[in-house]
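Asks: What follows is each chain in one-letter form.
Protein chains: 2
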Amino acid sequence: MTLIEKARKGIITEEMEVVAEYEGLDPGFVCDGIARGNIVIPKNRLRDFENIRGIGRGLRTKVNANIGSSPYHMDVEEELRKLGAAVEYGADSVMDLSLGRKLIEIRRRVLDASSVMVGTVPIYQTAFELSLKKRVITDMTIDDFLSTVEKQAREGVDFMTIHAGVNLNALHALETDRRVLDVVSRGGSFLIAWMRKNRRESPLFEFYDDILDVLASYDVTISLGDGMRPGATADATDRAQITELVTLGELAQRAWDKGVQVMIEGPGHVPLQMIEENIRLQKSLTHDAPFYVLGPLVTDIASGYDHIAGAIGGTLAAYYGADFLCYVTPAEHLRLPTVEHVREGVIASKIAAHAADLAKGMRYAREMDDKMSRARKDLDWKTQIEMSINPRKAKALRDSSEIGQDEVCTMCGEFCAIKTIKDAGL
Amino acid sequence: MTLIEKARKGIITEEMEVVAEYEGLDPGFVCDGIARGNIVIPKNRLRDFENIRGIGRGLRTKVNANIGSSPYHMDVEEELRKLGAAVEYGADSVMDLSLGRKLIEIRRRVLDASSVMVGTVPIYQTAFELSLKKRVITDMTIDDFLSTVEKQAREGVDFMTIHAGVNLNALHALETDRRVLDVVSRGGSFLIAWMRKNRRESPLFEFYDDILDVLASYDVTISLGDGMRPGATADATDRAQITELVTLGELAQRAWDKGVQVMIEGPGHVPLQMIEENIRLQKSLTHDAPFYVLGPLVTDIASGYDHIAGAIGGTLAAYYGADFLCYVTPAEHLRLPTVEHVREGVIASKIAAHAADLAKGMRYAREMDDKMSRARKDLDWKTQIEMSINPRKAKALRDSSEIGQDEVCTMCGEFCAIKTIKDAGL
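So the protein lines, in turn, are chains L and P. Counting with the working numbering, you get residues 1 to 426 for the letters of the first sequence. Counting with the working numbering, you get residues 427 to 852 for the letters of the second sequence.
Derived from the structure by calculation, the hints contain no laboratory data. Keep in mind that a hint or two might mislead.
Listed below are several chain P residues computed to face chain L (Cβ distance under 8 Å; list not exhaustive) [stated by the list, open to error]:
id, residue
1, L525
2, I734
3, Y745
4, K819
5, R824
Computed Cβ-Cβ distance ranges for the label pairs, DEER-style [what the hints assert, rightly or not]:
id, chain 1, residue 1, chain 2, residue 2, range
6, L, R239, P, R534, 55 to 63 Å
7, L, D26, P, S710, 39 to 47 Å
8, L, G24, P, E676, 41 to 49 Å
9, L, D26, P, R604, 33 to 41 Å
10, L, D75, P, D452, 53 to 61 Å
11, P, R604, L, R239, 52 to 60 Å
12, L, G10, P, E828, 47 to 55 Å
13, P, R527, L, D75, 46 to 54 Å
14, P, D452, L, N169, 41 to 49 Å
15, P, D501, L, N51, 43 to 51 Å
Even glycine gets a Cβ: it sits at the ideal position worked out from N, Cα and C.
Just chain L, with the same shape it has in the complex (with noise of 0.2 Å):
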């Protein structure tokens, strides 16, 4: 039995407990959520980890990291800086999109040091191998994408992004309804280009049971990739977006009969005003499945910043419901991440969980918000410095500069406001 079918039959699993004791929740709730479908707890039944995480209603929200080699730059023990890096600043969850010549033995070393759930693109990997036997990813056979879904699940992939959504009806929205940029999921782009050459169904779609059948058999959780995702603001909310979501939902129920549990990836780049409307639609379209946002991105311009702009995105898809929050780098659009940019991508992708759980009334936020502020009060600098979201670096912005009493900082000095109102006695 998989997880969720255990759950359906309301027996409670070690990674329910877990998650419910992490949570501060009650076991039943979770094994309850997972049975509806709102709740998952991704982790490939051959794989064993240290952080077992769930995802989706009434949990804190969690953060994704992307990690992973290019064809152009591929270092395996960089790889593994990043996921300790990412670990290290509260990441949830990797994956590993490697492309290139060493990403088996990257997913490997990644899967093999990772203490959290781990996540992969299958359709990379068989890009990847059919560039090697020099054909292209147009000559694709579902053998040749089963194959690796099989030779990941095998490995203990925990989850995996599918786009299964990127289908003809999707394809034709996308080519009446023109946008400024298209497609920029990778594996939306696969899609596309295979259907436009042979004129026919996207496999991924058209054998989507069999592909269920492999992922249940290792119990690993599927994630529906929103390969029509906008990468622009003027293109959010659009034809072709609404048109895969609709499907997704039908999807993610198909994969639910089958005894797998789904997530249900979503944009991108989003205006604020549309935040709200593109998770409430995700919800009520897909029976509440858990929703993992990439961003959003608020604004197309904030290259080299693009951790900021999709902090600000990632906190109101989280406030208005979105579940997990894959990060974004400043090295987004411009070029792989170094681990610095994993460091800095983790850090604003938890300030905006934070925030959004914070906002939703979470106890855990606000305990964390009230020990800082007290901590404040009390000028008590070492409590200011634990709490910070990284207190290497509050340490290293504090230690720098010139401090002429212990107390205060210098920003104010003497003329501290708190230390101000502690004398008058308040």
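Given chain L, work out where chain P should sit, using these hints.
Replies: Same frame as chain L, but now just chain P:
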């Protein structure tokens, strides 16, 4: 006549024309907004500067950068470099918050060098000069304060933060509805200490009309300070804050009666779900005076990254109607900012202002986003770099990576989605 008096008579001044041209609006719209008190153009009658800007309804969201020395760190040249960085990255104003022996020298140099409007908080100078005479802030007389305001106005300061709403009423609210973190406004804390010591009404409230007379004679805009702003998310929208806001509405009206342009300052630390109500309350209680917000910070734990927490809150605030964002730097809560912190703070606030303006449907923002997105579609890296919020950083990021083919980037390399779609002939 002051600017607002001219506007009431329908006189279109040069300042109004400059602002209208920058905004792409009719000068009559700007004139009307000033007359109604919905728009301000802070500009001291004795000062000229290049980038005259309006703040308020219907205009682009503006950004302020705080600079200035502290008693522990005074470096005139460094403050001028901060001014340069702030203006280079798009700040529409700077506030010189200097404390310490060089505060007058720094202010004069900043006023001399600045191509943007300059604001101050005169009570800082009053407090500092009292301390030089071995007196304390609770010894302050209204003449001490008025003499500072007069001196600074004569030097050309364009707008001044004056915490005239911190009166006995607000203090009573603070004393009877206790906070996690009391008061974090320096000016606010001075006046609370003053009232608690002297057991009398605050002189800034009692002699408010005298202050207005000085401001009117130099046409200095008053920025009504929020001395009761929450410094902890737990304290947001409480009795002290709203009591002061009610008073600020009344004080705004009295400023208009004296021919003084007025802005209202706002919080501070505000959790996400309270931002909309904070803006709406301010607008309705102050007859739509321009709203100048500090952040707001959507969590207390982002020390070292408060520019991100501030950009999240600032975007939402500006979307709901805040007109002027005071930046927050990564150094907030930890130390006086460096030049680099100033740059990072301005950029984060500019992203917030831009994202809000885009969401409000402002044409300039849409055109910028579209230009960037078209450049992405064309794999036109030169334009992508130019359109980035910080072209220098965007270029450095791209140049630092191993680029195999000129047209793609190291993230996907040959598997670039945009290239794949292009090759598929879409």
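Asks: Work down the list of hints and note, for each, if the structure agrees.
Replies: How the hints compare with the structure:
1. L525: 6 Å, holds
2. I734: 5 Å, holds
3. Y745: 5 Å, holds
4. K819: 4 Å, holds
5. R824: 5 Å, holds
6. R239/L x R534/P: 55 to 63 Å: 59 Å, holds
7. D26/L x S710/P: 39 to 47 Å: Since D26/L and S710/P have Cβ atoms about 43 Å apart, the given range 39 to 47 Å holds.
8. G24/L x E676/P: 41 to 49 Å: 46 Å, holds
9. D26/L x R604/P: 33 to 41 Å: 34 Å Cβ-Cβ, so the 33 to 41 Å window holds.
10. D75/L x D452/P: 53 to 61 Å: Hint holds: Cβ distance 58 Å, inside 53 to 61 Å.
11. R604/P x R239/L: 52 to 60 Å: 54 Å, holds
12. G10/L x E828/P: 47 to 55 Å: 54 Å, holds
13. R527/P x D75/L: 46 to 54 Å: 52 Å, holds
14. D452/P x N169/L: 41 to 49 Å: Hint holds: Cβ distance 47 Å, inside 41 to 49 Å.
15. D501/P x N51/L: 43 to 51 Å: 46 Å, holds
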